[in-house]
Amino acid sequence: MSPAVIPGEVIPRQISPSQFAPHPVSRRQALLGILGLGGTITGLALPVLGSEHPAHPVAPLDAVSMLYDNTMCTGCKACMPACNEANGLPPDTVLSGGIWDLPADLNSKTKNIIKLYQEPDGPGFSYVKRQCMHCLDPACVTGCPFGSLKKSDWGAVTWNSSLCIGCRYCEVACPFDVPKFEWDNWNPKIVKCEFCYDRLKKNDQPACTAVCPTGAVIFGKRTVLLAQAKDRITASPDKYFENRVYGEHEAGGTQVLYLSNVSFQKIGLPKLGTTSLGHYATKVTSVIYKWLSGPILAAGLLGVVIKKNWNRHEAESAEQEKKTGLHEQL
Amino acid sequence: MSQPAIHQHDATGSTLVNHWQRGVPVHGEPVITPTLLFFAALAAVGLVLAAVRFFSPLGPFSGMNDAYAWGIWKTFNVMTLTALGSGPLAVGIAAWVFNRHKLHVVMRTALVSGFLFYATGLVALGFDVGRPWNFYSALLPWRWNAESAMLEISICMPLYCAVFLAFENLPLVLERFYYTGSDQTRSVLRDIAPFLRRIYPFVIVGAYVLPLMHQSSLGGLLLLAGNKINPLWQTPFLPLLYLLAAGLCGLGFVIFLLLICSLRYSRPLDLGVLGELGNLLSCACFLFLAVRAGDLIWRGQVRAAFAFDKMSILFLIETVLILIPAILLRIRVARETPRTMLKMATLACLGGMFYRFIPTSIAFIPAHRASYFPSLPEVLMAIGYIALGIVAFLLAVKYFAVLPGEIKDWNYVFRPIPKRQPANQSDAEGGTRWPASLSTR
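Chains as they are written, first to last, in numbering that gives the first Met the number 0: chain Y, 0 to 329; chain E, 0 to 440.
Quick caveat, the hints were computed from the structure, so don't treat them as lab data.
Just so it is clear, CB atoms sit at the ideal spot from N, CA and C, and this is done for glycine as well.
Fair warning: there could be bad hints in the mix.
To be verified - Short, incomplete list of chain E residues facing chain Y, as computed with Cβ under 7 Å:
#1 212
#2 224
#3 275
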């Protein structure tokens, strides 16, 4: 029952000194509290600790793929205008003096390019087609802060203009240097091959594979094309570099696969480990940040210590204030 | 304790004076000085360029390209300079968590400089991103990609600066309003002061947790760049090392700033406080070097570290810059010699800045052959943001009680803001007494 209060009586407001005295919580209690809190959070977090980024991701069964075999490519470049047309890209006429489309590399006007590699001394040469590799666990998607880049249906890596803030982290993260930024546009876009996602939705294949006259680049399910590539290697041993498919394991695996008769590095495909970059970058932080357990734990720990020190500080500064008549500065 | 006893005895029994007792505004100096005008001009150039940049594509303003998509606005103004702005974190944790009472008196110097480093860094970021109008996604949690270090930074950093650092800087602004304002202002402030004090300890918990998160995430950003970054720097320990570098840079810069300002404004030095900071700086340097060395040994990169090629030499310069203050500041005489302290703090800051800058730029080697060097407008804008911070700091130390000084210089008189009614100085001894109602007891 509350004490009787006479109406109209003024109750003097009192500040009890104990308000500023250290909390009546002993060191042991505080420690136990922290351990309990930490234990609960960890216990709740552990079972769901995800394997969102396995070191070696497995391709989903419906993952689409592109297989490029440079021994079949004649360098006709039919895929380049087909790509430009399908994606509404302007011609890059810098090198040709304003006459025709002649990009030097992938850029903000070029999502797909055929390049020529020539042996420095010798007659050997090779073409190479470059476009987005559509990684199974793409670094650009892992890094993209607001999910502008994402792994869409069939594994196509697509870009959404309304979510992109233009931070260009995708360009820093991509091990294949694929995403390009429109440096000369006030409303800049990230330009990269999106596996002709609009055509895929219409049950059509990408423009480049549809137009390729020699079958150097073909479209299909990843499982099918991977098997087909391996068959080609078995059929003609020692024809292909290292007798392996580039993209099967690179950076955790990609959905664009390469067969080459010259070194992959020579035609511009970087030497990469088999672990996905997303796994490397998030294996520690995903544990610390799962449900914000790390920050919450740190806040709890700091909170207990700071509150205790704060109370002591308040008591000391009040004493000091009385002595010197000077207020305490925070 | 913010006001240590005026006299204390050192080990030899002689009496030392604690010269830093509380924040005191700089008096007897004109506000508009050639230095201020010089930095204001630099800031104006940078800001005008930034304004033009907002209505223009990024291309003509920077030397950035698709291979080096991040230029100095990100790699220097944000990733390097916010390490120097980590003083509030480093000194604050020492003072509030590890009970280094002496350091409360230099908190304001750390807080103001830290706030300005963060604020100008965020301005730099605002003009660096290509599609800033989409940033409202930060308010829509369902759009967040929780596994992105970039997301963590783009939310945590503005939040820390605008809420937590701003709150920590609030007392010194309100204090000025109290002494220069009208009776009405004073009564309002009297009413809100107890509330601010009540939430203060809880806010500073956030003010330490957030920078622990985003300063490590700045290193975490570089993990995704994988082997584009030279193996001497690319390591799973990047987040921890970036955090430790922030700690040592923060401590180093507070020492540097205190010494420079005391020199400039002829303030006496407090060797007790400086010695304490020097001691902590040395510990922070050793901790950083221990983790760095352990990491290189664990990853088998020791041979590469001493190969004396370009990357190895960069690594060695960076390490020596941190090693020298680590060792020398263990010597008591060095900690009590202001000249040595200034040199050591400068070396530590440079070393920490090297560590934060190199993996984002010099040791960042994209697959395709490309090069990046900042263009003139890019450099002018980067300098402009820094100059803006310096101008704000020069004004802050004169209008607010930021820099530590002696109680005898504290006479409650704040420099009046031009064209405003000067403070009511009618009270006894030319100042308004601190009201009893605000006392904590």
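Which hints from the list above does the structure break, by number from lowest to highest? 3
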